[in-house]
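Quick mapping for you: the protein sequence lines, in order, are chains A and B.
Take -6 as the starting number for the first sequence in my numbering and just add one per residue.
Take 94 as the starting number for the second sequence in my numbering and just add one per residue.
By construction, these hints were calculated from the structure, which means they are not laboratory data.
Just so it is clear, the structure is predicted and the values come from calculations on it, not from any experiment.
Here a beta-carbon is modelled for each residue, glycine too, at the ideal position from N, C-alpha and C.
Don't take each hint at face value.
Here are some chain B residues pointing at chain A (derived, C-beta under 7 Å) [unchecked claim]:
#, residue
1, Ala186
2, Tyr199
3, Trp469
4, Phe470
5, Thr472
Some, not all, of what chain B presents toward chain A, calculated at C-beta under 8 Å [unchecked claim]:
#, residue
6, Ala151
7, Leu153
8, Pro173
9, Gln174
10, Ile178
11, Ala179
12, Phe182
13, Pro189
14, Thr192
15, Phe194
16, Pro200
17, Leu203
18, Arg204
19, Arg270
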Amino acid sequence: MAMTTDTPHRHILSRTNRAAVKTWTRGMAALIVSLVFFAPIYWMILTAFKSGNAAFSETPSLFVRPSLENFRLVFVQNDFGAALSTSLFVTTVSTLLCLAVGASIAYPLARVKMRGERHIAFWILSLRIIPPVATIIPLFLMLRSVGLTGSIWSLVLVYTYMNLPLTVWLLRGFFADLPKEIEEAALVDGASRMRAFFTITLPLTVPGLIATGLLCFIFAWNEFLFANILTGANTRTAPVGLTEYVTPVSVEWNKIMAAGTLVVLPVWIGALSVQRYLVRGLTLGAVK
Amino acid sequence: MQRNAGSEGGIEFSKVNMTFDDGTTAIESLDLAIREGEFVVFVGPSGCGKSTALRILAGLEQATGGTIRIGGRDVTDLDPQERDIAMIFQSYALYPHKTVFENLAYPLKLRKRSKAEIAETVAGVADMLGLTPLLKRKPGTLSGGQRQRVAMGRALVRNPKAFLMDEPLSNLDAALRVEMRGEIRRLHRKLGVTTVYVTHDQVEAMTMGDRVAVLRGGDLQQFDAPQRLYEQPANMFVASFIGSPSINLCRSQYDRTTGALTLGEAGLTLPPDRRPAEDTNGEVMFGIRPETFSYRRDPEHDVSMTVVPDLIESLGTELLMHFDLSAAPVPVEMTSAARSAEARLGTDAHAPVTTRFVAKLDARCGYRVGVPAEIWFSTDHIMLFEPSRGRTVLSSKPLVMPDA
Chain A
-6 MAMTTDTPHR HILSRTNRAA VKTWTRGMAA LIVSLVFFAP IYWMILTAFK
44 SGNAAFSETP SLFVRPSLEN FRLVFVQNDF GAALSTSLFV TTVSTLLCLA
94 VGASIAYPLA RVKMRGERHI AFWILSLRII PPVATIIPLF LMLRSVGLTG
144 SIWSLVLVYT YMNLPLTVWL LRGFFADLPK EIEEAALVDG ASRMRAFFTI
194 TLPLTVPGLI ATGLLCFIFA WNEFLFANIL TGANTRTAPV GLTEYVTPVS
244 VEWNKIMAAG TLVVLPVWIG ALSVQRYLVR GLTLGAVK
Chain B
94 MQRNAGSEGG IEFSKVNMTF DDGTTAIESL DLAIREGEFV VFVGPSGCGK
144 STALRILAGL EQATGGTIRI GGRDVTDLDP QERDIAMIFQ SYALYPHKTV
194 FENLAYPLKL RKRSKAEIAE TVAGVADMLG LTPLLKRKPG TLSGGQRQRV
244 AMGRALVRNP KAFLMDEPLS NLDAALRVEM RGEIRRLHRK LGVTTVYVTH
294 DQVEAMTMGD RVAVLRGGDL QQFDAPQRLY EQPANMFVAS FIGSPSINLC
344 RSQYDRTTGA LTLGEAGLTL PPDRRPAEDT NGEVMFGIRP ETFSYRRDPE
394 HDVSMTVVPD LIESLGTELL MHFDLSAAPV PVEMTSAARS AEARLGTDAH
444 APVTTRFVAK LDARCGYRVG VPAEIWFSTD HIMLFEPSRG RTVLSSKPLV
494 MPDA
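Here chain A stands alone, though its shape is the one from the complex:
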């Protein structure tokens, strides 16, 4: 040790200290970015809990005494509960339908060797590239001719149609990632193709199904354009319901913020509770 004492120290900070600074800097950067993104949501929630005229005050306050008055108003005056339950129904049914139909298209695409399968897969995904506005008039005319406009089933159909390409694309990746030998083992063990699919393949792709399902749910839940055009007064969804508070005479910010909070809540809870699957599922599917 004596021989090394006169070696000059080039770094003021030790290795561990430098690592700590690095971590801390990164943490701060992440915090600042999150604040920027979270600020509007915080503002929405804050306003939702402001009572009476506080929402319209010239000098905004960052902290308030919470009140549930606005939530009571949207439920009692505007029947926002009906809009929420319509949304929940349409979104859930279309998501389940999407997974069922999507899986039955994606599985053969992933497993059966056929000519031009890559082209088929890409063609399916390319449907997602078409801007929704371009399809809305033809869709409206088609649904009107079968008498479905104004019905919530029109939205179920349209949301399934809208989310199907992405569902097929993602599920195809999940099925392809599953080693073929596991299914072959089931076949040799005595299972039929169907049995092998339901007892082996499907349980093993649950993370993928959950991740895909959540994405479908979010897209359908937040959808506004189709919902606005295809629903009637009794079948409006939550995002359409929000627009009611903008009237020719006034903009009811307190109600918009309360209803907006209610709309964000289920997606938020859903995303948090399946976050584990979402990250794993999306990265798994992304590799192949």
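Starting from the known structure of chain A, fit chain B onto it as the hints suggest.
Same frame as chain A, now just chain B:
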């Protein structure tokens, strides 16, 4: 050679062809009859069609031609689940979401056995393979060797007509592989179920198989007992594939009138009982196994040559001595994995005129690198192959006489 074995519990491939969509031929007109209760190994370099043959037998791949019989029944067009066979995959292919117990029970559940019967059978198999303490665990928490046992257990639970094993030991470390090799053989002796085992490892093939089928480029080269493959290979490919270190090969000239064999600058005369068939003359391929050399003269090693070792590798009681022989090497196509039509035998001016040889000698010989050494061999161990297709024209004398 081929007895009519497919009629009983055996397996029979007849004129089986397999051509993939892209036009590559994986198997060409495979004829093979496996007797009931026999342990047969398919061996060959990668791409030789051994795994494809097994997958066709399992029904996981559809042959483009020919018929397959298991236990006398034509199964060519049957799905895997109707063939009553069990398979062990290279990756084990355990069901990751099921416990060890559920993995073992799955084949029985599919056959609608009662709960009590399933529990009893699984317990018996688990006991036999030492899996009892692991029954409640999931495959993800098991070691490689344990997973291998579960895969075996899943095959054993239901008394199939045949076991198919696709390189089941290749993911294990060397020591465990040797242990499991013995265990699979013992299990086979105990159960007596027809087994087809695929491997690329010729040591595994030699040690495990009752009979071994050597494949090359989709073509069956030889189907015989391990000892016969070693001593009487059908051709140069089999001779070079079987045995480790592999057989020494070089080009030589043979004169049928005198029986003289010339290897580059060296020469010897073959005794009358060790000469190839009458029509062999001129260019022949010469082969001799490294382990047939000796460092001293005795009745079984009576021909000598003096060589200069350039590398000596010690193996403990034995050593491998490498040296150059002044004779031209055989064309690589004749021993390579791909099956080529015919080897080109031109006299290329730039072709090397020496060939690497290896001799496996007793470690007591005391030979050193760079110092000329005398080694002995016998004409009994010489093999000769005809030059165009590598067919054996003279095989070595059998060490052990076959049972009959």
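Do the hints match the structure? See the list:
1. Ala186: 4 Å, holds
2. Tyr199: For Tyr199 of chain B, the interface hint holds, since the closest Cβ of chain A sits about 6 Å away, which is under 7 Å.
3. Trp469: 51 Å, violated
4. Phe470: 47 Å, violated
5. Thr472: At 50 Å from the nearest chain A Cβ, Thr472 of chain B fails the 7 Å test, so the hint is violated.
6. Ala151: 6 Å, holds
7. Leu153: Status holds, d = 5 Å.
8. Pro173: For Pro173 of chain B, the interface hint holds, since the closest Cβ of chain A sits about 4 Å away, which is under 8 Å.
9. Gln174: Since the shortest Cβ distance to chain A is 5 Å, the answer is holds.
10. Ile178: Where the cut-off is 8 Å and the nearest Cβ of chain A is about 7 Å from Ile178 of chain B, the hint holds.
11. Ala179: This hint holds: Ala179 of chain B lies near chain A, its Cβ roughly 7 Å from the closest one there, short of 8 Å.
12. Phe182: 5 Å, holds
13. Pro189: At 7 Å from the nearest chain A Cβ, Pro189 of chain B passes the 8 Å test, so the hint holds.
14. Thr192: 13 Å, violated
15. Phe194: With a minimum Cβ separation of about 15 Å from chain A (threshold 8 Å), the hint on Phe194 of chain B is violated.
16. Pro200: 4 Å, holds
17. Leu203: 4 Å, holds
18. Arg204: 6 Å, holds
19. Arg270: 20 Å, violated
Of the numbered hints given earlier, the model fails hints 3, 4, 5, 14, 15 and 19; all others are met.
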